[in-house]
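Next come the chains, spelled out residue by residue.
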Amino acid sequence: MTTGASIVARGITKVYGNDSSAYHALGPIDLDIKPGEFVSLIGPSGCGKSTTLLLASGLEPVTQGSIEVDGKPLTKPITEVGIVFQDHLLLDFRTAMKNVMLQQEIRGLDKSVIQARAESLFERLNLKGAENRYPWQLSGGMRQRVSIARALVHDPSMLLMDEPFGALDAISRTQIRHDLEMLWLDTRKTVLFITHSIDEAVGLSDRVLVMSKGPGTIVEEIKIDLPRPRPAHLGEYPEFTKYANRIYSIFEKLGVYKFK
Amino acid sequence: MTAPMKTFRQRTAWIAWIAYPTLAVALCLGLWEALVRINDVPLYILPKPSDFLARLVVDRTTVLAQALATSVSIALGFGMAVLVAVPLALAIISVGTLERGLFPVIVFLNIMPKTVIGPILIVWFGVSPAVAVFIVFLMCFFPILVDSMSGFRATDPRLRYITRSMGASAFQTFRYVRLPAAMGYIFAGMKIGIVKAVEGVIIAEFIGSSAGLGFMIMRASSFMDMELMFSGLIATALVALVFNGAMLAAEKFLMPWNRPRHA
Chain C
3 MTTGASIVAR GITKVYGNDS SAYHALGPID LDIKPGEFVS LIGPSGCGKS TTLLLASGLE
63 PVTQGSIEVD GKPLTKPITE VGIVFQDHLL LDFRTAMKNV MLQQEIRGLD KSVIQARAES
123 LFERLNLKGA ENRYPWQLSG GMRQRVSIAR ALVHDPSMLL MDEPFGALDA ISRTQIRHDL
183 EMLWLDTRKT VLFITHSIDE AVGLSDRVLV MSKGPGTIVE EIKIDLPRPR PAHLGEYPEF
243 TKYANRIYSI FEKLGVYKFK
Chain B
301 MTAPMKTFRQ RTAWIAWIAY PTLAVALCLG LWEALVRIND VPLYILPKPS DFLARLVVDR
361 TTVLAQALAT SVSIALGFGM AVLVAVPLAL AIISVGTLER GLFPVIVFLN IMPKTVIGPI
421 LIVWFGVSPA VAVFIVFLMC FFPILVDSMS GFRATDPRLR YITRSMGASA FQTFRYVRLP
481 AAMGYIFAGM KIGIVKAVEG VIIAEFIGSS AGLGFMIMRA SSFMDMELMF SGLIATALVA
541 LVFNGAMLAA EKFLMPWNRP RHA
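Line order of the protein sequences matches chains C and B. So the numbering used here is basically just the index in the first sequence, starting at one, shifted up by 2. So the numbering used here is basically just the index in the second sequence, starting at one, shifted up by 300.
Isolated chain C, as found in the complex:
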């Protein structure tokens, strides 16, 4: 099993376009993500969270600065990675299992090994019985579970998630959050998790990076020191409420919330 990768970024910025209409989306920011760490990025819309994720995976080039993954400079898209977006982005012409096995087909990996891993992921993600169903035959929560299985089946060192539970109902979110945490505890992949939800950020992370916009920067780093696995009802920890309140107050200070 591949263990988590480290991500170190120094002074990275992203500017889209290069003329007068250029848009400074991000930075400069630094990142120091340890192997196997679960780090969340939280902040208002347009603060460069998604951009950070694309830069960290090499899918978009940085405008300035440098990134090292496992000590190696990042110059092209890394493949030791699984990505989950808010939309499941499953191929609607493939069954759930075939969607996951796309990783094996494109990467040319050993079929029986990956098949076995896919089956165990289906078990762990409560997807038993969904193998031969097409995406349109699955609920939103199940599609997102399939998407997570696809991101993990090739045993990457890094998992990048861009608001993966954003489109789900509250009950599904709580369950899938727990299932993700249990998987992570077993595999210890490095996770970069983007969210708008304070509950998710505090409920899942080792560390939360709070971002503000215009251009996106990291304004505060909060270490979450809570036992794992964390419960469904996070409110039962006074510590949890303390962390959540801290993020709320940062948002208020930044003008994200304007309550009277």
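Among the clues, some could well be false.
[Unchecked claim] Each pair of labels, with its calculated beta carbon distance range:
1) 395(B) - 25(C): 50 to 58 Å
2) 25(C) - 405(B): 29 to 37 Å
3) 537(B) - 48(C): 56 to 64 Å
4) 187(C) - 467(B): 26 to 34 Å
5) 395(B) - 112(C): 31 to 39 Å
6) 229(C) - 454(B): 43 to 51 Å
7) 354(B) - 133(C): 31 to 39 Å
[Said to hold, decoys possible] Residues from chain B that keep clear of chain C, each with C-beta distances beyond 12 Å, as calculated:
8) 450
9) 520
10) 557
Just so you know, the hints here were simulated from the structure itself, not pulled from any lab data. Glycine included, every Cβ here is placed at the ideal spot set by N, Cα and C.
Assemble chain B onto chain C, guided by the hints.
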């Protein structure tokens, strides 16, 4: 008991599926027959269904041979249109300059009525089935091209991020993602194309062919042979039905993932 029992209604569903349309057609023809008989309409104005259906049976070898000639023209023209339009759509989508340069031309050719080129084709090819093949080609080409272009554009750009993170080559992305994702659109274009093909082939055979159902109907017209003209009409409808059915079967076979339309 292992397999779930089908109910009586499920087992007999196909009977209703065939019986109702048959009954509807029979009723229409019966009404037609009755009205013509009651009003004593002469044959050279409107033949009775019994007249032209009998003629269809009597002249079945001739009609079948002409229907076959028409079908060959449709198949050739349609096949060529698919073979040219789909790769061209991909090329246009992939190369920006090609899209900007070619699109106005495509729009112009698309709105131009294709049959106006018939007389020119007669000069080029003489009165021959080649005229029909070419017109069928033109009639199907544009809907297939335009829908294929939409199909190749339809892939979510973020899916590119996912395939790139898998290390997929451009060909793999095409083979595993873009082509199957475009299939539904390509079939939509082909289904419009095949309807236009049947329409186009008959007109082409009216004006410039020495074979086919259109030719047969035109010749029957010059002899005022109403029975044969109506037989030709029925035969044309049957040809259209066969090609449509073949399209649906091909779609079902090539796209087994398609969600059932009535579910």
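Here's how the hints hold up against the structure:
no.	hint	result
1	395(B) - 25(C): 50 to 58 Å	violated (27 Å)
2	25(C) - 405(B): 29 to 37 Å	holds (35 Å)
3	537(B) - 48(C): 56 to 64 Å	holds (59 Å)
4	187(C) - 467(B): 26 to 34 Å	holds (28 Å)
5	395(B) - 112(C): 31 to 39 Å	holds (37 Å)
6	229(C) - 454(B): 43 to 51 Å	holds (47 Å)
7	354(B) - 133(C): 31 to 39 Å	violated (57 Å)
8	450	holds (16 Å)
9	520	holds (47 Å)
10	557	violated (4 Å)
When held up to the earlier numbered hints, the structure conflicts with 1, 7 and 10 and fits the remainder.
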